[in-house]
Amino acid sequence: MNEGLYLQGMSLLDFARGPALRWAVAIFVIGVVWRLGALLLYKRQDLSRPRGATFAGGAKTLLTRSAPPHELEKDIKFQHYSGYAWHISMFIVLLFGTPHMLFFKGILGFGWPTLPTVYITVLSVLTTAILLVLLARRVMNPVLRKISTTDDYISWFMAFLPFLTGLMAYMHVTFGMRYETVLALHILSICLLLVWFPFGKLMHAVMIWPSRYKVGAAFARRGVRA
Amino acid sequence: MSATMIPDYGVLGARAAAGVKPTTLSDDQQVARAKAAFIAGMTGDMATYLESCIHCGMCAEACHFYIATGDAKYTPIYKAEPLKKVYRRELAPMRWLYRLTTRDITVEDLADWQELAYDSCTQCGRCSLLCPMGIHIQSMIQVVRNGLEAAGMAPAELQALCEEQSDKASILGAGPDKLREVVERVRAQGIEVPLDKDQAEVMVLSSALDFLKDDGVVAATARIMNKVGADWTIRSDGFESANFGALAGDVRAQRRISNRIIDAAIATGAKKVIVAECGHAYPVLRWEAATLYGQELPFEFLSVAEFLGQELQAGRLKLKNAGNGASHVTFHDPCKIGRMGGSFDDARQVLDALGLKLTEMESHGRTNLCCGGGGGVAMLKSAQHIREQAFELKREEVERTGAQSVVTACNTCMQSLEMGKARLNWDKDVVNLVNLVSDSLA
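Which chain is which? The protein sequence lines are A and B, in order. Numbering that gives the first Met the number 0 applies: residue 0 is where the first sequence begins, and numbers increase by one. Numbering that gives the first Met the number 0 applies: residue 0 is where the second sequence begins, and numbers increase by one.
For the record, the hints were derived by calculation from the structure and aren't laboratory data. The structure presented is a predicted model; accordingly, all values stated were derived computationally and were not measured. Do not take every clue at face value.
Now the in silico label distances, taken between C-beta atoms and shown as ranges [said to hold, decoys possible]:
| # | chain 1 | residue 1 | chain 2 | residue 2 | range |
| --- | --- | --- | --- | --- | --- |
| 1 | B | Leu99 | A | Leu39 | 52 to 62 Å |
| 2 | A | Ser81 | B | Lys270 | 45 to 55 Å |
| 3 | B | Thr358 | A | Ser81 | 58 to 68 Å |
| 4 | B | Thr22 | A | Pro18 | 57 to 67 Å |
| 5 | B | Gly401 | A | Thr116 | 31 to 41 Å |
| 6 | A | Gly222 | B | Gly268 | 45 to 55 Å |
| 7 | A | Val24 | B | Leu96 | 13 to 23 Å |
| 8 | B | Arg315 | A | Gly222 | 21 to 31 Å |
| 9 | A | Pro141 | B | Ala187 | 55 to 65 Å |
| 10 | A | Gly222 | B | Lys212 | 27 to 37 Å |
| 11 | B | Asp26 | A | Gly175 | 54 to 64 Å |
| 12 | B | Asp26 | A | Phe174 | 51 to 61 Å |
Glycine included, C-beta positions come from ideal geometry on N, C-alpha and C.
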């Protein structure tokens, strides 16, 4: 079918749910695979005798790096726990909000129990608030100011937008727009996030695993728990 | 307990730097050379690390220089910024975008990073242990050093020592002849030192940094080796464990220097090579030398602490109680032997066998706080102030243990602790493990 003619009779919501989402997912998948190409760069052969098992050390670090050593944790409590709070809240909202579950059910063919609206609303507000605090910290903290790039702010915005539009749709705060329009904006914000994902630091959700594995293996080779 | 007098590295470094000629490279040549070295040092592992950074800044809280000063420029990942920039523009999958939106590195950038890659990084690796993304930051800062060195921008102290050691196999004029003098003086004390044996099971390394002012460590090591009945030698053609190629960031010099030891060990038929109490030498030899040599080695490198631990376990090293009024000690893990080397328990087993009461510092073992002098920083005059600030963190941790003595197993750590003691009129004893053992042989 001619895509132009197809689009003419389409509402914004149809567009968001249809071609926008399909293209966004395609860009997301191709982009992630392409960016993983960095991992294929030259690897040096290490001829020293290992002291410990690199595979086991790398695999262990995938999890253990989630909890830093006690002596080091005391000074990073805020970053550490705010990071956890934001990621956990985000996944709960994403997976256990009823509209989200129904969306996934439409794709996967099966559903799962969800949380009552009030919990999802509270968590969404909480997550949005954490994001705002983290942004303020990035702007105000001297260390973060020193190492931040435009990517950090774009990626923050890409993560923030779905929560903002999601809350608007969920709480029917539409600023005079039709509900369907707000819902379409919410889906489009997800599309935007998916398109940006491979090109910015959101990609850390993928890169964290090879990176943790490699540092774990490097330390394990020397007999050190990482 | 007796402490070892060791030379002031800062003075030695300044002496070495006096003869360095300024680089004749143009700005463009300097940038080109630095970039080539960055790209040459880039591996898939490093690319993964660079792709992973989320700019969370947590690594700052692991760095003794940041903790001591609160200055954001000492954030570890920031010290690797030139490498990041070159990776993004030259190698990253997104390089087309970065070439449009970022500028290339300049010679001014490189000059600014000299302080960050050398003066304020002891390559202790603590940041690599904290990063939630699992980024091996320390290895990236070493590549920054490689780039700066290639551009002729390594600190004069390290550059001079690197060139001398690479070309003449000596440090501050102390080469094989100086070793022979030291050996003769130790022999005059009635201690047998088998110099330049053709064949031996164990080859022991030393360092001019140890014996330039004092023969004590060579004498103590010889006493121990003789007591455990080792078939050992020290070779004048491969005795120097320090590697100023690695510290300056010159990979070719590093290879040349470590190859001398490997060639001497192979010629001797050694099964074990004991690395002197020289912090950086251990990981350089234990973890990097074989790869630079191009083949697996027919012997193993052991730190002195590791060797002592092995001999203790085998029952060949017998010790009497060392407690003579200062029996309460704390152990300072040298970063290069512990976190970057993998040896933690050996020294503690020795302390236990000496009947010493050990109280650990809050940061010990793999999370140990650096003394502030590693990675060549102890040699740099420009780093003196920041080094002293970082030392304060170590001093406070030692104080909190209530121990009377600090034991360590690295001559640079000894230097930092001794200098801190002298400067602050600190009432702690500072003791190295080899001397402690040598004084307590049963």
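Evaluation of the provided hints:
1. B/Leu99 x A/Leu39: 52 to 62 Å: violated, 24 Å
2. A/Ser81 x B/Lys270: 45 to 55 Å: Because 53 Å falls inside the window, the suggested range holds.
3. B/Thr358 x A/Ser81: 58 to 68 Å: Violated, at about 35 Å.
4. B/Thr22 x A/Pro18: 57 to 67 Å: Hint holds: Cβ distance 58 Å, inside 57 to 67 Å.
5. B/Gly401 x A/Thr116: 31 to 41 Å: violated, 58 Å
6. A/Gly222 x B/Gly268: 45 to 55 Å: violated, 27 Å
7. A/Val24 x B/Leu96: 13 to 23 Å: The hint (13 to 23 Å, Cβ to Cβ) holds, given that valine 24 of chain A and leucine 96 of chain B are roughly 21 Å apart.
8. B/Arg315 x A/Gly222: 21 to 31 Å: holds, 23 Å
9. A/Pro141 x B/Ala187: 55 to 65 Å: holds, 58 Å
10. A/Gly222 x B/Lys212: 27 to 37 Å: Once the Cβ atoms are compared, 34 Å apart, the range 27 to 37 Å for lysine 212 of chain B and glycine 222 of chain A holds.
11. B/Asp26 x A/Gly175: 54 to 64 Å: For aspartate 26 of chain B and glycine 175 of chain A the Cβ distance comes to about 59 Å; the hint holds.
12. B/Asp26 x A/Phe174: 51 to 61 Å: holds, 55 Å
Comparing the model with each numbered hint stated earlier shows that hints 1, 3, 5 and 6 do not hold.
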